[in-house]
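Visitor: Given chain A's structure and the hints, the job is docking chain B onto it.
Residue numbers (our numbering), protein chains in the order written: chain A, 1 to 287; chain B, 1001 to 1360.
For the record, the hints were derived by calculation from the structure and aren't laboratory data. Check the hints yourself; a few may be wrong.
To be verified - Derived DEER-like restraints, expressed as beta-carbon distance ranges:
(1) A:K207 with B:G1123: 30 to 36 Å
(2) B:F1053 with A:R145: 54 to 60 Å
(3) A:G102 with B:G1137: 34 to 40 Å
Glycine residues also receive a C-beta, built at the ideal position from the N, C-alpha and C atoms.
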Amino acid sequence: MAVPRSSKMVFWMFLAPVLCWLLLLIVLPHIDLLVMSFSGENDLGKSTWTLQNYRNFFTEPIYWNTFLRTAVFSIITTLITFLLAMPVAFYIVKVVRPRLQGAMLMMLLLPFWVSELVRVYGWMILLRESGVINHFLVKFGLLERPIEMLYNDATMIMGLVYTSMLFMVVPLISAMESLDDSLVEAAYDLGSSKTVIWWKIILPHCKPGITSGSIVVFMLVLGNYLTPNLMGGKNSLWFTEQIYNQFIASFNWNQGAAFGFLLLLLSSLIIWIGLKLSRQKLGEVAS
Amino acid sequence: MDIDLSVANLVKKFGNFTAVDQVTFDVPQGSFFSILGPSGCGKTTLLRMVAGFEEPTSGTIHIRGKDMAGVSPNQRPVNLVFQHLALFPMMNVAENIAFGLKRRKVASAQIKKQIDEILERVGLPGYAQQRIDQLSGGQKQRVAIARCLVLEPSVLLLDEPLGALDLKLREQMKVELKKLQSKVGTTFVYITHDQSEALVMSDRVAVMNMGRYEQIGTPQELYNQPLTPFVAQFVGDNNLWSGEVVEQSGNNIVMKTEEGFVFRTAIQGPISVGQHANLYLRPETMRILPTEKEALNCFNVVVKAILFDGANSRLLTVTPGGQELLVALPQNRSFDHIKPGQAIEVGWHPDAAVCFKAEA
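So that you can see chain A by itself, here it is in the shape it has in the complex:
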């Protein structure tokens, strides 16, 4: 079918900002980073092509240990977030009276009006050695002396879960809203137990929501810098910190760029595996 000239122009007019944005802010910097990650200096201080930056990653255990640790913890965080978000979404959509639904969603959203930095500092005020929780525990005689609750893996994961909760709950809510109650009742009527209803009806129905929520949360956690750094402290060993260190502390942009690309590869790979395991396509999830 022939498209009129003017409508073609309108199409390009609306597409242009998106293309510019993609090109200028995503594609060009990445090309530059890619080039940078493959270059280094030879003994004479001249710039040459090299694989050294990538070789460093595999020869230095601290790098790939951090890398694996970040991946595993990101997956754990995504799982915990999902396990917590599922009942919350179910409660908001199917249990609470419709009038309260808006208020509940608002309550979920409200903490996110404050910047992540402030929220993390909030947690630190609560958890640190001289913090609120320790103060009361000591006061009521439950502890003899304050203990340090910050700077361990559990606290860090808790902080990450807290930060990403909303990004899991919202897609789950929208997936669950389209679930017809009579499907649940029909399954119940046909003899299923509550567990079977969850496994056979609710979870399969929410699958697109679960996948898109998990992808968003996983990427946000994997690329998070602030929360692991502040709540996990020096022990956190998050891969983004390695990248930061290369760029800012060591001023080794070439090494940092290589790490950045490895992180990009890692997140793409894990998401691809996740989609394969749940037999879904990225296009289906995004729509």
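Guide: Chain B alone, transformed into the frame defined by chain A:
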């Protein structure tokens, strides 16, 4: 005869509102029982109590002699065909039908055999691997019924399953459902607001209004001998006259309508001279241009319009007092000369009408 479903003094209250009020009925094995009522009359609540989704406030439900109090829906020997069918969209036809069997841990070879049998029975052989969204409305209907029937329930409950279909398909499915029921012999309890569905398919019909049963009977009884004004108005079409009783001897009365007609008729229940009565007269009981007038109540009307609808054609007529009356127009061509605007005489037999004392 064995009773499959027995409901006694069933009451359901939501706060101050009584949705179901002292309902009692028995459904014999293998029969097609309908509950007919306008929307909001409590029929869905009644059905949901039988299925186990609502707890009765008081009263008992027995299925094949077993008390169902405290038994959850997944443990009851009844299955429900939902209003919008509630087929599982993520499963194909075979998986939908197998769903209940798998919950009962039936062996997979047996499940496959039963799926083929039931699909054959509902007239969808070879449809096992189809996706739900590939089926037409009537086919979905049959899958939904098959999914329940394969579990061989004591009672199959149907919640207005034909409501979403278009008219032609609905007429077709009515006949098919009736045929299917007599073929499989399962007890059907069917709720509907469509009186024609209830009349065509059922062995017995209960008419329900405001949470109570108005009358239980065969379709013929409900149509020909309604016991309450509500049933007379709700089941089939009726013309209504109000008037005052001027003579009375036993059940036979003479009443004078508001516009001055004097009719002889029979009344149900006690009444005395001077009280008001309502008279219900079906369109087909009125004879156009009667030849033997002695026994009939006769009067003149003017034809306003001819409502042609094949075998169901009617005349819309108006009395001198301005009241509109529907008169059935037999399509045997003997009344082809009647034209709009013409004055004609109509008459009806005193036994043909139903008459009740008017509520004060």
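Visitor: Would you mind marking each hint as holding or not holding in the structure?
Guide: Cross-check of the supplied hints:
1. Distance hint check for K207 (chain A) and G1123 (chain B): the Cβ-Cβ separation is about 33 Å, which falls inside the suggested range of 30 to 36 Å.
2. Here the CB-CB span from F1053 (chain B) to R145 (chain A) is close to 57 Å, well matched to the stated 54 to 60 Å.
3. The hint said 34 to 40 Å for the Cβ distance between G102 (chain A) and G1137 (chain B), and at roughly 36 Å that hint holds.
Of the hints listed earlier, there is not a single one the structure fails to meet.
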